[in-house]
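Protein chains in written order, with UniProt numbering: chain A, 1 to 641; chain B, 1 to 419.
For the record, the hints were derived by calculation from the structure and aren't laboratory data.
The C-beta atom is built at its ideal place from N, Cα and C for all residues, glycine as well.
Keep in mind that the hints are not guaranteed to be accurate.
In silico lysine-lysine, DSS-like type, Cα no more than 27 Å apart, as pairs [stated by the list, open to error]: (1) A/97 / A/63; (2) A/556 / A/484; (3) B/205 / A/8; (4) A/82 / A/63; (5) B/137 / A/429; (6) A/586 / A/541; (7) A/190 / A/97; (8) B/137 / B/228; (9) B/51 / A/8; (10) A/190 / A/172; (11) B/51 / A/214; (12) A/484 / A/391.
For the chain A half of the interface with chain B, some residues (derived, Cβ under 10 Å), not all of them [unchecked claim]: (13) 15; (14) 22; (15) 23; (16) 35; (17) 38; (18) 41; (19) 114; (20) 117; (21) 524; (22) 551; (23) 553.
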Amino acid sequence: MNSFFARKFVVQGIFIAIIAILLARLFYIQVISDEYILSAENNVIRRLPIYPARGVILDRYEKILVQNEPVYDLMVIPREVKAFDTLEFCKLIGIDKAGFDRRFKKARNYSPYKASIFEKQLSVQIYASFQEKLTNFPGFFVQNRTVRRYPDSIAAHFLGYIGEVNQKVIEKSNGFYSQGDYHGITGIEKSYEELLRGQRGVQNLMVDALNRPKGNYAGGKYDTVAVSGEHMMSSLDKDLQKFGEQLMQNKIGSIVAIEPSTGEILSFVSSPGYDPNLMVGRQRGNNYMALLNDKYKPMFVRPIQAEYPPGSIFKVVNALVAQQFGLINENTYFFCPGGYRYGRRGYMGCTHVHGSVNLKSSITESCNTYYGYTYSRMIDFAGMRPVNAFKKWRNAVSSFGIGTALGIDLPGERNGLLPTDELYTKRFKNDRWGSAYTISLSIGQGELGITPLQMANVMAIVANRGFFYKPHLIKAIGDKKVIKEEYLKKNNAGIDSKYFDVVIDGMSAVVNQPSGTAWYSKIIDIEMCGKTGTVQNPHGKDHSVFVAFAPRDNPKIAIAVVVENAGFGATWSAPIASLMVEKYIKKTISRPQAYVDRLLQANLLPGAVGNSPSVKKPVTDSTSNNTKKPNKANRVISNNE
Amino acid sequence: MNNQRSLFFNVDWFIILTYLTLCVIGWFNIHAAVYDPMNPSILDLDTNYGKQLIFIISAIIIGFAILLLDSKFFNTFSPIFYGITIILLILVLIIGRNVGGNQAWIPIGSFRLQPSEFAKFATCLLLARYLSSGTIKVQDLKTQLVAAFIILLPTALILLQPDAGSALTFSSLIFVLYREGLSGYFLVIEGLSILLFVLTVLYNKYIVLVGVLVFAGIMIYFYRKNRKMITVTGFGVLFSILFIFSVDFAYNEILKPHQKNRIDVILGKVNDPRGIGYNLNQSKIAIGSGGLWGKGYLQGTQTKYDFVPEQSTDFIFCTVGEEWGFAGCFVVIGLYLFLLIRIVNIAERQRSSFSRIYGYGVASILFFHIFINIGMTIGLIPVIGIPLPFLSYGGSSLWSFTILLFILLKFDSNRMGII
Chain A
1 MNSFFARKFV VQGIFIAIIA ILLARLFYIQ VISDEYILSA ENNVIRRLPI YPARGVILDR
61 YEKILVQNEP VYDLMVIPRE VKAFDTLEFC KLIGIDKAGF DRRFKKARNY SPYKASIFEK
121 QLSVQIYASF QEKLTNFPGF FVQNRTVRRY PDSIAAHFLG YIGEVNQKVI EKSNGFYSQG
181 DYHGITGIEK SYEELLRGQR GVQNLMVDAL NRPKGNYAGG KYDTVAVSGE HMMSSLDKDL
241 QKFGEQLMQN KIGSIVAIEP STGEILSFVS SPGYDPNLMV GRQRGNNYMA LLNDKYKPMF
301 VRPIQAEYPP GSIFKVVNAL VAQQFGLINE NTYFFCPGGY RYGRRGYMGC THVHGSVNLK
361 SSITESCNTY YGYTYSRMID FAGMRPVNAF KKWRNAVSSF GIGTALGIDL PGERNGLLPT
421 DELYTKRFKN DRWGSAYTIS LSIGQGELGI TPLQMANVMA IVANRGFFYK PHLIKAIGDK
481 KVIKEEYLKK NNAGIDSKYF DVVIDGMSAV VNQPSGTAWY SKIIDIEMCG KTGTVQNPHG
541 KDHSVFVAFA PRDNPKIAIA VVVENAGFGA TWSAPIASLM VEKYIKKTIS RPQAYVDRLL
601 QANLLPGAVG NSPSVKKPVT DSTSNNTKKP NKANRVISNN E
Chain B
1 MNNQRSLFFN VDWFIILTYL TLCVIGWFNI HAAVYDPMNP SILDLDTNYG KQLIFIISAI
61 IIGFAILLLD SKFFNTFSPI FYGITIILLI LVLIIGRNVG GNQAWIPIGS FRLQPSEFAK
121 FATCLLLARY LSSGTIKVQD LKTQLVAAFI ILLPTALILL QPDAGSALTF SSLIFVLYRE
181 GLSGYFLVIE GLSILLFVLT VLYNKYIVLV GVLVFAGIMI YFYRKNRKMI TVTGFGVLFS
241 ILFIFSVDFA YNEILKPHQK NRIDVILGKV NDPRGIGYNL NQSKIAIGSG GLWGKGYLQG
301 TQTKYDFVPE QSTDFIFCTV GEEWGFAGCF VVIGLYLFLL IRIVNIAERQ RSSFSRIYGY
361 GVASILFFHI FINIGMTIGL IPVIGIPLPF LSYGGSSLWS FTILLFILLK FDSNRMGII
């Protein structure tokens, strides 16, 4: 039968050919393609992020403003989910079937293999009852992480809040963030995000097919530990902040208090505010929408985002600039017949007929006429063309930190508005305009916009007699108490210190002389120097403004208070400022309880009934109606006292 | 004494050495497959590798016992072996234990006997006996029908279990018939059938049909002077049309969903890494992640952490691939190839056609298992649950392969004598 012997080679040939195919295929999947190596790692290695504790934020006396609290996120790995009692599950975590389906679909769309958050921030009770039954729900597990907790519910605008990163942030972060991570969205949380967030660690776990952990990958060689975020010591005085927020409740406005010798912000009140704890937890979304839709705009950071024409308080700046230019001095007198005539038919009214006024009393009595003349000297009689004189004036004013953002360590600071000569040249279609055309600027209105922070900073300059440090919120970072370089730099306002005395004399008289506009707000034992202002509001009641610093010698605090729709500066803002100053310097309040209660209980929100016990003075309005040059750009028009 | 001596010298020690090497490789890989790095244990007879050690030792004893038997014994009793196997195959359908959907095991004490394993050598023996008897010619239709009956009876019984994988094994015996004179067309037809089958399942049957007709047209054009080729092509077309329609019908109407799914996954019709194709993908991942040199003994993660199912039985090759890499696979497959070539050579040096035919049977069955099993783990062919000879965990299969092989060795040691 060996006639078919040759077929041996056919059979062997087929064997060899098939074996060769097997080897070729093996060579391809084992040596050439690396797809399977990656798949294998995905199979077996679970990179568990270890979340660092976010940095704690303290006040200037190291009392806690923000701390961390553990929460439990319910995680799911969709492909590992097996059939289970959905009803029981939903009941446990308090959702309905539709909600379950929606969440599950979302998780599966993200990735069937990777863990994603199924339900955020379970309460401790839910966590406990869930943990007991965890084995009934394969594919689900609970991940520990921390959320922010604000023990005093204060300083929401200052601290800001954190929230889940969105897709854009993830893409921009070069892989630092991944879905479900938190980052600072506003406030200090945002501006110091890189320091606060710390460094995430990774644990490389090996798991089996049922996702049961089987120990460290490569003996933990590729694991990294989490490094907690830096703790921040803020400049805030917690008690002062709390008091300020209480004083501002049911009012719209701001309080900014600065320590002049350092630029540290002692109090940063934006009202209406909100409880920062609202921005944490499962109700966050609802709370956020409610806050966003609130007609009083509690999310608006008024101290750095609201711009007001400063009104009378701007006279302080003009008084200093004019002295520096050598155009007036303490002995310069102007006669006030009750108003200031300018141009051919222009007339700017004054609050009273002041008669002969010197520099000091021009501040104390807030004489518009005096500043009309002063401004005219600076622009028209400076020995140069008025346009150039205006440029010089503008430069001097901007040295006070007006018209540009001061560079506070918070996101969203506004520049404010300090008009340029180009604006007027464009408006008047030539550059032959003079002081008569921009006379409103003499008394702090017209095209001016100043934030409460800038107002307080002007006071810090006056308190320091000529210089300021950039206002800032964080005074020391981490254990080494680092402070940013830029906050140690002395900024000069360009005014010699000798020119301040007369202005400060005038401001002291505002508070400490019975004839001063803020006499009602005098503090026993503390010589506070201040200036009131009333900003006329075309949309409703005037805004009440008061700026001050105290004590006169070695000032500890410079403050600006704005209460919107509250009428005169002396009625609301000045008493609030005086209480803040006293509270900060003496730690107690010497005023009668009724005095404090009146401020605490007042409801000055627009539309509130019976809100204002203040008496309307007969003379309320002197300039705005009488100023002949229309200032179209004005949103809020200043008034003077 | 003299007899014993000649046995010692005449036995093919290359094969025995290869056999032992493969058994040892299998044992180490089974150990690796069940090894739990968190609870490493010393040799434990309750574990798979502990049991496998017993199986290997007993297999070697069985093997050498066979060498001591008389060669004539197998020829004489081949119808009885065959008969017993058939009875067992019927019995298993009645009293067998159902494991994993297949009614394939007869429980005996703590062990389970798998008659389909033993059907392999029994069928080979009877086929060899039939084809080597007297004036039989494979070219005769009657011979072909009887041979087909011998092969198809156990195949049909095994299909009833239903164990398609084991049943398919018997199709490899076509090599035996081919060697004994069956027309080469049968091999070509078998090859073409597989090609058409794959194409029909993969694409629309009408597209395949058009393809066949175009191909036939080209063939007829080139061989237009050759009437014989035109006739062959015509029959080919006719056959193809019938085949395509019956495959289409069988695939859509007869195959069970899970079988259909397996075919779908292998042909890339569905891409579902966690569903039907899970086994397959995990197995490819395990082998593919081994790289050139492998992850090292006991270092495989995919097999260790149960990503690969059936890892000590049907998917034992995954452990080889993952822990020993391409180098290890090359060695194992090289050993197999050596074994196959050697068996064919041994078959050819037999003086009796009975031994030669049996030898080809052994080579065919081993080859089929190796090809299907390894091909399955690397995604070349559908997942068909058959063991990898000598490596896979399991007593029945190891014993059956051992018996299969050692009977041939016995014949070979007596090749000078006349059976």
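- prompt: Where does the structure disagree with the numbered hints, that is, which hint numbers, in rising order?
  reply: The structure breaks hints 1, 3, 4, 5, 6, 7, 9, 12, 19, 20, 21, 22, 23; every other hint is satisfied.
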